[in-house]
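Chain R is fixed; fit chain C onto it per the hints.
Sequences listed follow chains R and C, in order.
Sequential numbering of the first sequence, starting at 0, is according to numbering that gives the first Met the number 0.
Sequential numbering of the second sequence, starting at 0, is according to numbering that gives the first Met the number 0.
It is possible that some hints are incorrect.
Unchecked claim - Computed list of lysine-lysine pairs in DSSO-like fashion (alpha-carbon distance at most 27 angstroms, straight line):
(1) R:Lys155 / R:Lys145
(2) R:Lys902 / R:Lys886
(3) R:Lys185 / R:Lys155
(4) C:Lys32 / R:Lys869
(5) R:Lys884 / R:Lys685
(6) R:Lys886 / R:Lys685
(7) R:Lys845 / C:Lys32
(8) R:Lys687 / R:Lys891
(9) R:Lys867 / C:Lys32
It is worth saying that the hints were derived from the structure and are not from the lab.
Computed from a predicted structure; not experimentally measured.
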Amino acid sequence: MSSAKEKKYAKRMRNQPSSVSLTPDIGDRPGQHGARGNVPPHRDSHPGSSGQHQRFSGQSRGGGRSGPGDAHLVPKYLTATMFAQARAAEINAMVKAVSVKTSNCLVFQSLPRHMRRRAMGHDIKRLPRRLREIAKKELEKSLQQKKEQSKAKCRKARRRHGNLLLEFNQRQRKNKWMETHIWHTKRFHVVKKWGYCLPDRPTMKCYRACYRAMTNHCLLEDLSYLCCLEMIGEEHNLLRSLSRLCSTDTGPSFAAVLCLSGRRQGSLVMYKADRYPEEALGPVTFIWKPKNLPEVPSGERQLWIWMHPAMKQDVLKELRQVCLCEETPDNAVCKPEPALASQQEEQRDVTKSATRKRKRRDQDGEKAVPVKKIVGDGTRDTVDPYKWTSKDGLITITDLTLEIVRYRLVGPLSHCVLADALRAAPLHELPSETGGCSSSVTELSAATWAKAVLGKQTIEDPGSGPHSWWKDFCRNPDNVNLHHQQESIFQLLQGLNSPAQVPPGTILGFTVGDPRLNLPRKRTKSTPNLENYEDGNKVRTLRMDGVPAECAQSLIWSCDIRTKATDEKISEQEINRLRSELLVPGSQLSLGDKESKIPVLLIQQPGKVTGTEHPGWASGWDICLPKGWGMAFWIPFVYQGARVGGLQQDLQRSQFMGSPYIPGDFPDSPAGAQSAKDTEMCLLNKYKRRPPAKRTNFIKHGILAPFRCPWEQLTMEWMARARTSTRSPAHTEGSTDQGDTKEPESEVAEAMQVVPSFKAETCLPLTSEGEQNTCTEVGKCEDLFSVVRDKKILWQLSECCSQSLRMSRGSRSSTPTSHDLASLFNPALRRLPRSLVWVRLSMLTKGSPELHALISIPTDQDLSQISKQKNFPGPQEPKHGDAFKKKILKLKKERKKEKAKKKESRVGEEGAVKPIPKEEVLQKDDLTFGLWPEPLPELTTHCDRVLIGFVTQGNFSLTAGCGEALGFVSLTGLTHMLSRQPTERKGLVLVRNPSSFQHRFARLFIDV
Amino acid sequence: MAEQLLPPERPRHRRRPAPRPPRTPNDIYVNTKTDFQAQLCRCRRLLEDGNQKELRVHGLGLAIGRAINLALQLQASGPGPLLISANTSTVELTDDLEPEGGEDMEPGARNRNNSAIHIRVYRPQTE
Chain R
0 MSSAKEKKYA KRMRNQPSSV SLTPDIGDRP GQHGARGNVP PHRDSHPGSS GQHQRFSGQS
60 RGGGRSGPGD AHLVPKYLTA TMFAQARAAE INAMVKAVSV KTSNCLVFQS LPRHMRRRAM
120 GHDIKRLPRR LREIAKKELE KSLQQKKEQS KAKCRKARRR HGNLLLEFNQ RQRKNKWMET
180 HIWHTKRFHV VKKWGYCLPD RPTMKCYRAC YRAMTNHCLL EDLSYLCCLE MIGEEHNLLR
240 SLSRLCSTDT GPSFAAVLCL SGRRQGSLVM YKADRYPEEA LGPVTFIWKP KNLPEVPSGE
300 RQLWIWMHPA MKQDVLKELR QVCLCEETPD NAVCKPEPAL ASQQEEQRDV TKSATRKRKR
360 RDQDGEKAVP VKKIVGDGTR DTVDPYKWTS KDGLITITDL TLEIVRYRLV GPLSHCVLAD
420 ALRAAPLHEL PSETGGCSSS VTELSAATWA KAVLGKQTIE DPGSGPHSWW KDFCRNPDNV
480 NLHHQQESIF QLLQGLNSPA QVPPGTILGF TVGDPRLNLP RKRTKSTPNL ENYEDGNKVR
540 TLRMDGVPAE CAQSLIWSCD IRTKATDEKI SEQEINRLRS ELLVPGSQLS LGDKESKIPV
600 LLIQQPGKVT GTEHPGWASG WDICLPKGWG MAFWIPFVYQ GARVGGLQQD LQRSQFMGSP
660 YIPGDFPDSP AGAQSAKDTE MCLLNKYKRR PPAKRTNFIK HGILAPFRCP WEQLTMEWMA
720 RARTSTRSPA HTEGSTDQGD TKEPESEVAE AMQVVPSFKA ETCLPLTSEG EQNTCTEVGK
780 CEDLFSVVRD KKILWQLSEC CSQSLRMSRG SRSSTPTSHD LASLFNPALR RLPRSLVWVR
840 LSMLTKGSPE LHALISIPTD QDLSQISKQK NFPGPQEPKH GDAFKKKILK LKKERKKEKA
900 KKKESRVGEE GAVKPIPKEE VLQKDDLTFG LWPEPLPELT THCDRVLIGF VTQGNFSLTA
960 GCGEALGFVS LTGLTHMLSR QPTERKGLVL VRNPSSFQHR FARLFIDV
Chain C
0 MAEQLLPPER PRHRRRPAPR PPRTPNDIYV NTKTDFQAQL CRCRRLLEDG NQKELRVHGL
60 GLAIGRAINL ALQLQASGPG PLLISANTST VELTDDLEPE GGEDMEPGAR NRNNSAIHIR
120 VYRPQTE
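Just chain R, same shape as in the assembly (with noise of 0.2 angstroms):
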């Protein structure tokens, strides 16, 4: 028996009988007295046989064990009296051991299963009697310690729906709750970041269930947590500000003809005020307000600027000082009127009150205590619109964070899902009188669109009901042309198969009725109806035209507008009860005029963009809606067969569209870097709670950084290695020049090249610090890294890159050689001597990239190799050593030294040896088993394959069907390394994992 289980069988048999004794203590010899007085407990030697039956059983069972021998020891004659004092010793033991509890568990607990009934731990009455004494003890203990931490109300009445709310409110102080928050968090691993509760993941496993959503049906996802930033102003003012934070060379900015139309959303990356190259802030969306409404006074112009939360106070403070903002105290103006809509909805309580007193009473009773007025669904506080105007009053730029919800539909059928959940607002029938004067009427509406524009209050108008703005708009007959125009082409967005037909970012608004009106029953599938097929020609023109400018239009713009959707917006509760009155149950429920219409706003997603294949993937809708009906369109959407995602599935989208991740695949932006630095955190504590002896030795594998990626010193390294090259280019340059031949010595002069590099910085303790320095005064330029965005240069790019496969395909171009590719690239390298390029990575035979590989150039042999053989899976990476083990082992030991000496000192004084293990502590936190210390020694060639650059999204690609990665590389690192590879094995580059030694091939490319 091991030690272990000896000590369980002992406190198993710690309060059992171990020997019972019989009071009086009576010899041995049966013959004497009767009976034996030590009874041990063993089976064999029964204590106390009697007589002839001991012997007969003692037969029977023992059979050839029990011989001859034992039957001296069985007595001839008992004493009945002693007899029966040695049982009833034993029997008092067994009883004693039966009713005192031994084990640490409850007494109900106790009980074999089929003595278990519901509730035993409340109520004592259904434990049976015996039990019942010590579950009273039991109870008041613990109602004890609840009482210690009671609650001041009982759940019932926190569960009330004020209490809630209120609860809810203090709940999202610090992180934002969208409108769908409560939804997912039944449904969704939720997570804290950037300021809001976030759905993470589904709880159910269904990563390839989401993808094929993207690719053959629809995934939804929440997107209300994008912050949205408006400007209103007029378009030369707003257009000469911000052409300072971007560039025509990164694609069309702000002032693209067809985004400025209002038709088209754009997408840019902004960098701060004139410093284009450098220093960029993160990718936004933007989108226009449509000109061409009738009769705008001034050329004033609204633009909504969607952004990433992680961006957005950089973009904010950017865009201040550009517009040369001043925040200002005034809220008020675009402030939705709390005051006033709680008026008009303890009115609505008043009118039917008869049924609902109670509630009615504790509406009252929340009175008193000062209650925020919640503005739609009620999941969330309002928040204060911020304003800020320029200096001279031209501009104005308005916070609208969580005032508009956005959602997402991914898939070739969100066409479907969005048709079928969706219905065109019924229009208001107009009383005959006003059909005469139209004039005064087109004056009137243009005045209401005049005030929408503006973002102003409206006038109330005599005959204001509860719709009076979509009553307003219905007396136009233009503005009911655009709403039948909308509708068509709404309904004519069935005719296709994927989103992706239409020009990308295409803009459609739209007023739409109640969606929960038209809610299926159950969760149907939307299908695409074959019949919509058939209009080819109306489906041309939108294919190639796209939406006509004037269907761009949506009241949605307004403030104004928004804020009455939102106030008029008949509660779920309200919806119920009128369906639960209609004759035939679960008919369609119809309002007539009194339904709510929501103005809604359509974009287009265009899905994969770059590189050439699969194009159109993952494209889909946005659906812009004021806030407070995010729940009246989401479960109309889920119902209509639409899967839901999270972040997981954002990434996951991002990653087979080849698109960079928002905030973390922009390195250079404050954002970019935070979250780097949130990465890293995550990953090393994940990594330092495992034991050393568990861990990857990742100083063996030869990897520095593998929880983040050092661009700065990848670029650095990478940037002085290009300044030694130029300074004696006549030997490598000659080199390659000459053809394939003299490859290896090429390589001899790189090694040649890299080792007095090498030697120079380890001699240097600081060398970061001084080539920084050195770079400060060499120009300003040189101080940061950056990404490559320049369209141009990218492109250029991946046409190198791609050479090889065009070759393979059989069609002839002029290919450049080496030095051609380094004297075309030498411009950009001097303008941005450090800065990376955002690449995909395809793997050739198998393996699955990870976070944070690297990337390396593979030498000549490994070419030779793979060309001599097919499956060559890549070279080995060999061992490298741990120098710091031993180092780590003796501060171990020395603190345990110190230790001791710690608690003799205690023991001894107190107190007087205090300051000296400081360093030790500081010592330790540098020191981690497996991980480098930090100041690295130089990356570039710490591995046997030179480096030059690092994965930061990597996984199997379900697309492609083999394993992808995508990353940075440095720009002067591809070039070295283009510039060297012979034509047919171009763009062949070696990725290692963090945690393996094996190199695999993979192939680059560049796609823009």
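Leaving out everything else, chain C in the frame of chain R:
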């Protein structure tokens, strides 16, 4: 020098996916990327186990040859007699043109045509 070596500057374009009606289980869209044997296997499985009476094999542009090959292979290797009837059509494709240089230029789109083949592979009806 660079301008000479690289292909002459022409308007960059991005292809949009080709329009097609929603597919039913017996619509096979042939591409040039998937392994030919795999495509053939898929068709055979549909015909034999899937109990489909007819398959429609579609090929667009470069994939026309493959589609024809696929249909013929099916006919040659199928267990029962199979009939083939082919149709051709023209598919209108759309490209998005990249705005080059100045942003005032309207990026626009262009239409181009490509030929397609639709082959019906079916079992002869038994009287």
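Index of numbered hints that the structure contradicts, given in increasing order: When the structure is compared with the hints, none of them turns out to be violated.
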